[in-house]
Amino acid sequence: MSHPQGRRGRRSAGDHSREAILAAARKLFAEQGFEGTSMRQVARESSVDPAMVHHFFGGKDELFAASVQLPADPAEVLAGLETLDPAVRAEAIVRAVLRLWESPAQHGLVGFVRGTIGSKAKTALMREMVHRTILSKIMAGLPGTAEEVRVRGNLVATQVVGLMLVRYVIRLEPLASANQEDVVRFVAPNIQRYLTGSLDSPKQVAVVAHPHPGKSHN
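Under the UniProt record's numbering, the first residue of the sequence shown is numbered 1, with each subsequent residue one higher.
These are calculated hints, taken from the structure and not from any lab test.
It should be emphasised that the depicted structure is a prediction, and the values quoted were computed from it without experimental measurement.
Each residue gets a CB set at the ideal place from its N, CA and C atoms; glycine is no exception.
Treat the hints with care, since some could be wrong.
[As the list claims (entries may be wrong)] Pair ranges (Cβ atoms, derived):
#, residue 1, residue 2, range
1, Glu82, Ser103, 14 to 24 Å
2, Leu199, Met39, 31 to 41 Å
3, Leu84, Pro50, 38 to 48 Å
4, Val166, Glu19, 18 to 28 Å
5, Gln69, Ser136, 28 to 38 Å
6, Ala178, Ala23, 38 to 48 Å
7, Leu165, Ala66, 22 to 32 Å
8, Ala66, Val166, 24 to 34 Å
[Stated by the list, open to error] Calculated pairs, DSS-like style, for lysine-lysine (alpha carbon to alpha carbon, straight line, at most 30 Å):
#, residue 1, residue 2
9, Lys60, Lys27
10, Lys120, Lys60
11, Lys27, Lys120
12, Lys27, Lys137
13, Lys137, Lys122
14, Lys137, Lys60
15, Lys27, Lys122
16, Lys120, Lys137
17, Lys122, Lys60
Work the whole structure out from these sequences, hints included.
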């Protein structure tokens with residue numbers, strides 16, 4: 001005689017509530033950003049009491065981190081970076097990226113990046129995460145106007161994201177197999193220029209058109 005199946009595979013009400021909260025948080029963070037989203041809004045969107053949100057997540061930072069589902073904590077990876085002199089910060093940035101991507105978290109990171117590409121909501125969430133948790137540390141203490149620092153941060157991101165994609169996701173050779181010291185030597189100078197160097201465009205060389213090509217003038 002067969003026995004009824006147990007309920008081991010069924011989710012509890014608590015599991016369901018937590019998943020509903022995270023789904024609502026991902027939607028709101030992607031649409032409104034971190035600053036524009038409140039814990040109360042998340043509770044309303046997920047149809048739970050605000051106390052339930054605080055029960056599962058200690059605060060908005062913790063909820064945001066859980067929503068993004070990163071395989072590694074950027075705050076730990078970049079710890080201490082903001083205390084370095086901006087004039088010598090680029091090498092430390094590249095080494096932190098290499099240290100993270102060549103750790104056991106690499107598989108999860110590749111999956112995260114591939115899962116983000118092509119998804120509008122996930123891309124918006126990743127953009128908010130990069131701005132809030134990564135660029136805020138990389139760009140901390142840089143001189144200049146707020147707009148200039150934002151531009152510099154965007155330019156730094158082109159190098160960091162490009163390095164991650166080419167070396168670890170696309171695995172384009174020879175960069176994919178280059179040793180770490182070579183990668184630092186190749187990439188850090190560009191990042192340092194974006195951090196503290198001149199952003200002026202190279203001066204164009206004036207070219208005077210010759211009125212009669214092929215003819216000499218005395």
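Status of the hints after comparison with the structure:
1. The hint said 14 to 24 Å for the Cβ distance between glutamate 82 and serine 103, and at roughly 21 Å that hint holds.
2. Taken as a hint, the range 31 to 41 Å holds for the pair leucine 199 and methionine 39, whose Cβ atoms sit roughly 39 Å apart.
3. In this structure the supplied range 38 to 48 Å holds for leucine 84 paired with proline 50, their Cβ-Cβ distance being about 40 Å.
4. At about 35 Å, the beta-carbon gap between valine 166 and glutamate 19 misses the expected band of 18 to 28 Å.
5. The hinted range of 28 to 38 Å is not satisfied by glutamine 69 and serine 136, whose Cβ atoms lie roughly 20 Å apart.
6. Range check, alanine 178 to alanine 23: about 40 Å between beta-carbon atoms, so the 38 to 48 Å window is met.
7. Taken as a hint, the range 22 to 32 Å holds for the pair leucine 165 and alanine 66, whose Cβ atoms sit roughly 25 Å apart.
8. At roughly 30 Å, the beta carbons of alanine 66 and valine 166 sit within the given window of 24 to 34 Å.
9. Restraint check: the Cα-Cα separation between lysine 60 and lysine 27 comes to about 14 Å, which is no more than 30 Å; the hinted pair holds.
10. Between lysine 120 and lysine 60, the direct Cα distance comes to roughly 22 Å. Compliance with the 30 Å bound is thereby established for this hinted pair.
11. For the proposed pair lysine 27 and lysine 120, the alpha carbon gap of about 11 Å is at most 30 Å, so the pair holds.
12. Of the pairs offered as hints, the one joining lysine 27 and lysine 137 holds, with about 25 Å between alpha carbons and a cut-off of 30 Å not exceeded.
13. As the CA atoms of lysine 137 and lysine 122 are separated by approximately 22 Å, the hinted pair is consistent with the 30 Å bound.
14. A threshold of 30 Å between alpha carbons decides the hint, and for lysine 137 with lysine 60 the separation of about 19 Å falls inside it, so the pair holds.
15. For the suggested pair lysine 27 and lysine 122, the alpha carbons sit about 9 Å apart, so the restraint of at most 30 Å is met.
16. Pair hint lysine 120 plus lysine 137 holds up; C-alpha atoms about 25 Å apart against a cutoff of 30 Å.
17. The suggested pairing of lysine 122 with lysine 60 holds, with an alpha-carbon distance near 18 Å, which does not exceed 30 Å.
Taken one by one, the earlier hints fail for this structure at numbers 4 and 5, listed in ascending order.
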